[in-house]
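Participant: In case you want the letters, here they are:
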Amino acid sequence: MGQLAELISKYHVALAFWMTIKLTVFGGLGALIIGTLVAIFRVAPINVLRWIGTGYVNIIRNTPLTLIVFFFAFGVLNTLNISLADQQSPTSIADNNFRWGVVALSVYHASFVAEALRSGVNTVPQGQAEAARAIGLSFLPSLTQIILPQAFRGAIAPLGNTLVALTKNTTVVSTIGVAEISYQMKNMIEFSPQLLYAIFLLVAICFVVLTLPVGALFTYLSRRLAVQR
Amino acid sequence: MPNTKKFAALAAASLLTASLAACASDNGGGGGSSGDNDAVTIGIKFDQPGVGQQVGSDYKGFDVDVARYVVKELGYSKITFKEAPSAQRETLIQSGQVKMVVASYSITEERQQKVSFAGPYLVAGQDLLVRADDTSITGPDSLNGKKLCSVTGSTSAANVQEKFANKVQLQEYDTYSKCVDPIINGTLDAMTTDNTILAGYAAQPQYKGKLRLVGKPFSEENYGIGIKKGDTELCGKINDALDKMVSDGTWQKDLDANFGPANFKPDPAKNPPKHIPCS
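Quick mapping for you: the protein sequence lines, in order, are chains A and B. Taking the working numbering, the leading residue of the first sequence gets 1, the next gets one more, and so forth. Taking the working numbering, the leading residue of the second sequence gets 1, the next gets one more, and so forth.
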């Protein structure tokens, strides 16, 4: 235990852990927003929108996250020079890396959120949509007021899975220098190799602390909120 | 159904071949202390141009030349190179997977607790690599407000954070190669690590004339040859070979061949270095 305490204080593990949480929360929010839009595109009555939605999901879902992260870090940030932070600020590199990292995580996981939501839409009986149309609602109002609320409740379990996957996938952005937990793990292994097993244990504990409660919460919610039919 | 069976058979066969191939390469690389007297396995870097780099099926760099020379002097006829990433060097030596490690391996006290070193055969130092037309950076003192690139979990990065934490911003990637393009197109200002590795990048044909080595080293890295702890006999033989390499001119020739194109000459006051006593 003394070793663990030493590692935690020497390598700012708490700060790295907090960074992982921030990436998860912002990445999750971004993925939910983009994913909902893509899901709406996918079920829209207009062909072009459906094609865009399908294209997004199939392209992004089948591209490795590492590539998407590098696309934003090297293609967009370094080559096109599109910055998400004030270039003059003394922390512009860290800010840019973090923000583009969040964008990459959001874009990637949005495809899974969209598919989860589409499966949720499929749980809503056809009659609901017909009833909505019968009382005079057009596509968007019937989607936002009748279909999507039920779809979300039906899709809670797969959305939870996506969030757990996102939590673990945050480790990929360490390759562009975001100081999260696996980045700190590399430092720990390089400079305290004698504590190798303690380091792995510590990082594993961090992820279990994050993912187990999230999984349990979403399981509970999926039972609680599912529409009984 | 027959199709499924065929497929399964195919899968099993390919798995078997793969595992056999894995075995074969393990045995082929099993230099260390075991068996075959003519063959030896050496750990080098595969990804550092000018120092130790895999080029197709061949290996190039100053470390590789030193390894080849030493191995020939020791009387081995066959040499196998194995990749030795920084974090694994001690383990490779201790477990006998390699006889020695020649991989920009700085002699430090912490490492000497685990392995022994022959050499040093070269004294390098942490330096800066900048755009050729950028004259604003003349050394570590002119780094104020600049953007610096290095590798996550490297001594160079830790060194920068210790010495210049308040002055520079540090971008860390997982390999040095990723630092080069952002510097050339201006997003970052400089990269930092040992001057030998930097010179290796500057000497690469595709970067020629685009990068400049600043040439004001701010640390001293004694590159040694890592061997099993306490093997003073081998250490002595290697040191003799290194002495011969310097005296017959091969050392200088290999140095020029690898770093010449970048106009890089290691500090002549410290090179060629005198070796430390074997322990």
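Hints in this document: simulated from the structure, not taken from any laboratory. Some hints here could point you the wrong way.
Simulated pairs of lysine-lysine, PhoX-like, Cα-Cα distance not exceeding 25 Å [said to hold, decoys possible]:
| hint | chain 1 | residue 1 | chain 2 | residue 2 |
| --- | --- | --- | --- | --- |
| 1 | B | K216 | B | K253 |
| 2 | A | K186 | B | K253 |
| 3 | B | K253 | A | K10 |
Simulated coverage check for chain B against chain A, where a stretch passes if three residues somewhere in it have a Cβ under 8 Å from a Cβ of chain A [to be verified]:
| hint | region |
| --- | --- |
| 4 | 51–58 |
| 5 | 146–153 |
| 6 | 167–177 |
Here are some chain A residues the structure puts well away from chain B; computed CB gaps all over 12 Å [claimed, not checked]:
| hint | residue |
| --- | --- |
| 7 | R42 |
| 8 | I176 |
| 9 | M188 |
| 10 | L225 |
No experiment lies behind these values; they were computed from the predicted model shown. All C-beta atoms, glycine included, are put in the ideal place defined by N, C-alpha and C.
Participant: Look at each hint and say if it fits the structure.
Facilitator: Results for each hint:
1. K216(B) x K253(B): 24 Å, holds
2. K186(A) x K253(B): Since the Cα atoms of K186(A) and K253(B) sit roughly 37 Å apart, the hinted pair is violated (cutoff 25 Å).
3. K253(B) x K10(A): Violated, at roughly 45 Å.
4. 51–58: violated (count 0)
5. 146–153: holds (count 3)
6. 167–177: With 6 residues in contact (Cβ-Cβ under 8 Å with chain A), the coverage given for the region 167–177 of chain B holds.
7. R42: 34 Å, holds
8. I176: It is violated; I176(A) is separated from chain B by about 7 Å at its closest Cβ, not greater than 12 Å.
9. M188: 8 Å, violated
10. L225: Holds, since 41 Å exceeds 12 Å.
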